[in-house]
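Residue strings, one per chain:
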Amino acid sequence: MAEIAFTLNGREQRVDVEPDTPLLWVVREQFELTGTKFGCGKGLCGACTVHMDGYAIRSCSFPVSAAAGRDIRTIEGISPDITQLHPVQQVWLENSVPQCGYCQSGQIMAAVALLERNNNPSDEEINSAMSNICRCGTYPRIRTAVKQAASLVRQDGAVSIVDPVVTKAQEVSA
Amino acid sequence: MSLSRRDFFKRSAALGGGVAIGIHLTGCGGEPPYPGTTADELRPNAFLQVRPDGVVVFQLPRAEMGQGVYTGLTTLAAEELNLPATDIVVEHAYYHPDFRDPEFQMMMTGGSVSLRNNFTAIRQAGANLRELMRQAAAKQWGGGTDMLSVENGMVYNANGDSFSFAELVETARNLTPPEAAPLKSAEDFTQIGRDGVRLDALAKVTGTATFGIDCNLPGSKTAVMRRCPHLGGRVKSFDDSGAKAIKGVSAIFETNGGVAVVADGYWAARKAADALDIIWDKGPLAGLDEKGLRAHHTALLKEEGRNISEEGDAALATGERFEVTYQAPMLSHSPMEPPNALVNVVADRVEIWTGTQVPDTVIGVVAAALERPREQIVVHNQMLGGGFGRRLVPDYIVEAARISEKTGTPIKMVWSREDDIQHDYYRPAATTVMAATLDKGKVTSITAKTVVPSIMSQLMPMFAAASMPEWLPPAIPRSLGGLLKHVDSTMAEGISHTDYRFPYMKVDAVHDDTPIPVGFWRSVGHSQNAFFTESFIDELAHRVGEDPVAFRMQHMPTDSKRYGVLKMAAEKASWGQTEPGQYQGVAAHESFHTSVAQVVTASVENGAIRVHKVVCVVDCGLAVNPDVVKSQMESGIVFGLTAALKSGITLEDGRVMQSNFHDYPMLTLAETPEIEIHIMPSQEAPTGVGEPGLPPVAPALANAVFAATGQRLRDLPLKLA
Ligand code: FES
Ligand code: FES
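Chains A and B are the protein sequences, given in the same order. The first sequence runs 1 to 174 under the working numbering. The second sequence runs 1 to 721 under the working numbering.
The set of hints was computed from the structure by calculation and includes no laboratory data. Any given hint could turn out to be false.
Straight-line alpha carbon distances no greater than 20 angstroms define the calculated SDA-like cross-link-like pairs of lysine to any residue that follow [said to hold, decoys possible]:
#1 A:Lys147 to B:Ser659
#2 B:Lys236 to B:Asp653
#3 B:Lys247 to A:Asp16
#4 A:Lys42 to B:Pro665
#5 B:Lys247 to A:Asp20
#6 A:Lys42 to B:Gly265
#7 B:Lys406 to B:Lys442
#8 A:Lys42 to B:Ser659
#9 B:Lys646 to A:Ser131
#10 B:Lys244 to A:Met1
#11 B:Lys247 to A:Met1
#12 B:Lys244 to A:Asp156
#13 A:Lys147 to B:Thr668
#14 A:Lys42 to B:Met657
#15 B:Lys646 to A:Asn127
#16 B:Lys247 to A:Arg143
#17 B:Lys244 to A:Glu18
#18 A:Lys42 to B:Arg226
#19 B:Lys613 to A:Thr144
#20 A:Lys42 to B:Thr668
#21 B:Lys613 to A:Arg143
Some chain B residues flagged as far from chain A (calculated, every beta-carbon gap over 10 angstroms) [unchecked claim]:
#22 Pro35
#23 Ala166
#24 Pro177
#25 Val378
#26 Asp439
#27 Asp627
#28 Thr668
The beta-carbon is built from N, C-alpha and C at its ideal position, and this holds for glycine as well.
Bound-form chain A, shown alone:
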């Protein structure tokens, strides 16, 4: 076991786990943030996508030890609460993108990371950034939603990520 410190959704955190434990399981089990999903465990599907220092990473294949000192953000950390959605969540909702919804946290995290870097992505850029699998086939709506979110972001300026209210799990572990 080893103590590892990192920032999670804007708060300093420490955990004592085996250093090779994938970040996914630490987020889900130690911090009880279950919005990040397990889909393949091999970096192939993107259901587990979170941000590290603003970049999308696949947390199932990312040892928690590598998160030490980094800034980690999960789906629970991109909007302060469900009444103040991130523009990407907002367009996702308006377009009724989710079906079963299981892949959608990862899809949204991938889209947010894309738009933070590029607020006017071409179809090709969307294709390469949005490589997460959706078994329900929500891809046509994802493409539409990413484009709408991009135009929202262009209008309103940069995507602002507001730190969320402290969750119960975070309080307990802090």
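We have chain A; now place chain B with the ligands onto it with these hints.
Quick look at chain B with the ligands alone, frame taken from chain A:
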């Protein structure tokens, strides 16, 4: 009490759509009370309750697995209550006999029947509650109900006075609920037929929707299993010295034919499982590979089989015979959320948190596995991260229940993707000979013989075990499986009983009695049979030199739904006009009482098939939520394109060779074509939408590939020579 063979056949035959049936033999005792009701609530029927604060709660009787029942079924109740669907609290219903599907006689989500079979019942429940609230208000005002209206959770009288539902709950509870209040007529609908928001979308974009895998209990341990990689095999012996050394591991033992590892958290459990050294007994399929499977099917094609349908006069089948063989592989469901269950077995109760399409069956099989009465088993159903038929089989729940019983702790069983792909109940492989006779440029007959396992005969004993009375000797449910191979309508559905008319038509099916576990995969028999039929019809059109759309239309009744969607699809897709280098293919198929036609535009670039566009027309009766219908068509098309272009489960030595998304790949966003959906206007009662979008896409694509290359691809997945 007994179930005669004849009754049984009748019920099986009524299946049509194809998903499992249950045999429910009602006992003589009274119905149990509705679960989840408190004493101060109003609960006039199974579906709806009003809390003391006036909030209306809808008990969702079907599993939400992406197909939209959470929204669609709630809308039905909301419409009759004159209450926005967004104001209703939706709960996953606990098992109760009143939630059984009237057709399947079990609480089951499948067969694309959720809207079709609940369309009246749930509206009726809403109307009855509306009427009850009017009666309660009338009583409180001391008058009649004549001038009272219900709107937004309030009852109004002619003077504009009102009572809120909260103010009426107490009075209403002491009235006899009406049972046949008048339903609104279609012209008065304000929610049905509109693109209402998906009621589950907010939770799903914020990561707050709860799936089975997100459930937890204090003190729970995580369990993973190593199962024999050779299908049907089991553990012979194992060495756990390496595994035991992993920190956090609390137990390792043999169970369910494999080895279970129980640990603190998934990672410790998985690492320990990987460290186990296991010697397997390879079981009944040892040595079986693809060649063997195909040779077996070729041999079975020589058998006469069972006649499924025969129309017209065999003597009319004149002219030259044309015969080809089509094949479809096994497929895995691979829902995005791998199978999982949280089970807590205690002295007098077994609680289960999971996502399942069959709460009924879960109760039956867990009760049987743990030898406990059914009343002790409670299923807390959750959002399903995809079902597609996989969650009709509760194997993963039984595993978790046995492990929890043994360890005495709550057990969270989580399958890996590898477990999922290698231990599925697969869409069965099928081989079909399609034949026709052609006489002077006319098709005079079409005949088909399909070789395929019977899903029903494999899975029926399980469904039966769930609903058979407990005194019935266990051998009886098992023997039902044997009967079913003679009546399983899923084997040839979509080849037989189509709208096509030719002078002579005949379909036979040969049962491949394989020990390979098979199951209901989205659209079931239609998933392969539409490919066989609609590709072959295309072949015949080209043989007689006809346009594929025109040929189809000539050979089906002009008043059929299939004709209607085909005609509209050809118009919407500008059939016959394409960009240079692009080619169209068409298919039209009816499944689950819904007709869908699709025109696929594709090209072949650098030896690879590229799909540009799919135009889809669906006739599903009245679209309760047109946007959900569209999303289900999109979903079926992507699912079907994945199968058409990518998927195949193959065996070696009885073992599945695929393991994760690198070798069982899914269509990606980059590969997804433009999809355009049109809904045929209709006032008929709603029919299925979760599955019917899938069957036509593979043949429409194969037909486009033929147009592009002249290659007729008769095996799935499609591979250019
Ligand atoms: S679960 Fe991490 S990429 Fe699939
Ligand atoms: S919405 Fe179900 S997997 Fe994407």
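Notebook entry, point to check: Holds or violated: Lys42 of chain A with Arg226 of chain B, Cα cutoff 20 angstroms?
Noted result: Judged against 20 angstroms, a Cα distance of about 18 angstroms means the pair holds.
Check: Does Asp16 of chain A lie within 20 angstroms of Lys247 of chain B when you go C-alpha to C-alpha?
Finding: holds, 13 angstroms
Note to self: Run the distance test for Lys247 of chain B versus Arg143 of chain A: straight-line Cα separation, threshold 20 angstroms.
What the structure shows: violated, 44 angstroms
Note to self: Against the 20 angstroms threshold, does the CA-CA distance of Lys42 of chain A and Thr668 of chain B hold or violate the hint?
What the structure shows: holds, 17 angstroms
Next item on the list: Take the C-alpha atoms of Lys42 of chain A and Ser659 of chain B, compute the straight-line distance between them, and say whether it is at most 20 angstroms.
Entry: holds, 11 angstroms
Next item on the list: Verify the proposed pairing of Lys42 of chain A with Gly265 of chain B, using a straight-line Cα cut of 20 angstroms.
Entry: holds, 18 angstroms
Margin query: Would the hint linking Lys247 of chain B and Met1 of chain A be met if the CA-CA limit is 20 angstroms?
Written below: Measuring from Cα to Cα gives roughly 9 angstroms; hence the hint holds.
Next item on the list: Mind checking the alpha carbons of Lys42 of chain A and Pro665 of chain B for me, to see if they're no more than 20 angstroms apart?
Entry: holds, 13 angstroms
Notebook entry, point to check: Within 20 angstroms, alpha carbon to alpha carbon, are Lys247 of chain B and Asp20 of chain A?
Noted result: holds, 12 angstroms
Check: Are the Cα atoms of Lys147 of chain A and Ser659 of chain B separated by 20 angstroms or less?
Finding: violated, 34 angstroms
Checklist line | Ala166 of chain B remote from chain A - nearest C-beta pair above 10 angstroms | finding: holds, 24 angstroms
Checklist line | Given pair status - Lys442 of chain B, Lys406 of chain B, alpha carbons within 20 angstroms | finding: violated, 68 angstroms
When the structure is compared with the earlier hints, violations turn up for hints 1, 7, 12, 16, 27, 28 and for no others.
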